[in-house]
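Given the sequences, and given the hints that come with them, work out the whole structure.
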Amino acid sequence: MKKLNICKLSLSILILCHYITIAQNPIVRNQFSADPSARVFGDRVYVYPSHDILATEEKGKKDWFCMEDYHVFSSDNLIDWTDHGMIIHQNKVPWVRPESYSMWAPDCIERNGKYYFYFPSTPKDTVVDGKGFSIGVAVSDKPSGNFIPEVKPIKGVKGIDPNVFIDKDGQAYLYWSARDIFGAKLKENMLELDSEVKTLADLPSKGLKEGPYVFERKGIYYLTYPHVENKIERLEYAISDNPLGPFKVMGVIMDESPTGCWTNHHSIIEFKNQWYLFYHHNDYSPTFDKARSIRADSLSFNADGTIQKVIPTLRGIGVTNATKEIQIDRYSKISDKGASIAFLDPLNSFKGWKTILNDSSAWIRYNTVDFGKKPLKSIVVKVSSRSGGTIQIRTQSKDGVVIAEVKIPVNTEWQNIEVPLKKFQTGIQDLSVTMTESNKEVEFDWISFK
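Quick note, the sequence shown lines up with residues -23 to -1, 1 to 427 if you use mature numbering (1 follows the signal peptide of the UniProt record, and there is no 0).
No lab work stands behind these hints: they were computed from the structure. Treat the hints with caution; some may be incorrect.
Derived EDC-like pairs: lysine to aspartate or glutamate, alpha-carbon spacing no greater than 16 Å straight-line [to be verified]:
| hint | residue 1 | residue 2 |
| --- | --- | --- |
| 1 | K119 | E87 |
| 2 | K183 | D157 |
| 3 | K301 | E395 |
| 4 | K101 | E76 |
| 5 | K359 | E395 |
| 6 | K36 | E76 |
| 7 | K164 | E76 |
| 8 | K359 | E390 |
| 9 | K135 | E173 |
| 10 | K91 | E127 |
Now the structure itself:
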């Protein structure tokens, strides 16, 4: 569901700002996105990802990462995400080579009422300044922009994946990567280094390390980073009693992608007394892992401060309103037999997915739906079926109550079928949809309650 509103953006022009109601993974549904830097500013979560686009003969390098700009997204409930639009474009940054298409993983931090957006790219003066990436800063009075880039990148910094951490004593630190991970103090102005650059030691020596993200919890400093232990990246962490280490490697936050997405890149925040891991995968581009999409899942700590491994989900975070379109293909669990997920339109993956049930033992489950306190009377299901069939919708409370049964006629076109509820239960419920017949196949896009 999308609404439109007018908002002022970073290029001093007015453009339309998209409001995307979604509470599942991936959380951005209107474009490719990667490398999410999540931040809590006030009562909202802001996410600053990189923006993957597909390279062409005119843009970028074929079959490689291609990024030319940045967007920012925000939410006050982790359900309704606002796309504030483009905040930085490579052609508007004085020091960036305009044909580089290398606006890689960024970060943003607030200090003294100003918002500092850090981003890497390829500089124009590569002959004078050496090969590789530099890191620049853009400054704004608001977390959504207008961001004004500095004329030159940060002196003394060569690499990618900037991350900024401000300690409780007010000292700010900049971290970045270039096979190793580096750190240094920042001056009060947040634009210059205030110490020598330090290589963060005692990290794995084998394989690529990048994407540092540092945070503090209960006196422990956590350095988290993607690392190629074998062939693709997994998320790992190390701890210290000092922001610049030495660090002790502790373990894995998230295992390698089960479908082979080569990269992962992340951030970790606490919001309303719950910790979250933001990361990316290639949901919208399963055969090309240079076009990625950002996700979020809950994260927990053990009593000793160690991090519990996060198992990636499609369901993601947030409580879904029962009266909204529930994209049940973003499931919590699914049966081993007779249930599958496919794109609605293989030629346009951004249209989303559909659920297919074709066996009497088939089912799919979707957790954490808020039915509120006032009685709802009916369910609407967007379905199609070449054979016809019957599905049951149950709440996964203790007794697994059947709250609706929908008989679906033969119809190859999508249609909305509304039937009355057999029973209504208030509050937050888990839902399941089950097939009741064999030799039948039903496809459905979403369900909603009225």
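| said: For a C-alpha distance cap of 16 Å, please report whether K135 and E173 respect it. | reply: Given that 16 Å is the threshold and the Cα spacing comes to 13 Å, the pair holds.
| task | Sort out whether E76 lies within 16 Å of K164, counting only the CA atoms. | result | 31 Å, violated
| query | Is it true that the CA of K359 sits at most 16 Å from the CA of E390? | reply | 10 Å, holds
| Is the straight-line distance between the alpha-carbon of K36 and that of E76 16 Å or less? | Answer holds: K36 to E76 is near 7 Å, not above 16 Å.
| request: Could you grab the alpha-carbon distance between K119 and E87 and see if it respects the 16 Å cut-off? | output: Roughly 9 Å separates the two Cα atoms, so the pair holds.
| For the pair supplied as a hint, K301 and E395, is the alpha-carbon distance within the 16 Å limit? | 14 Å, holds
| said: For a C-alpha distance cap of 16 Å, please report whether K359 and E395 respect it. | reply: The given pair, whose Cα atoms are some 9 Å apart, holds under the 16 Å limit.
| task | Assess, step by step, whether the Cα of K183 is no farther than 16 Å from the Cα of D157, and give holds or violated. | result | 10 Å, holds
| said: Hint check: K91 vs E127, CA-CA at most 16 Å. Holds or violated? | reply: 14 Å, holds
| Hint consistency between K101 and E76 [alpha-carbon to alpha-carbon, up to 16 Å] | 10 Å, holds
Hint compliance for this structure: hint 7 alone is broken.
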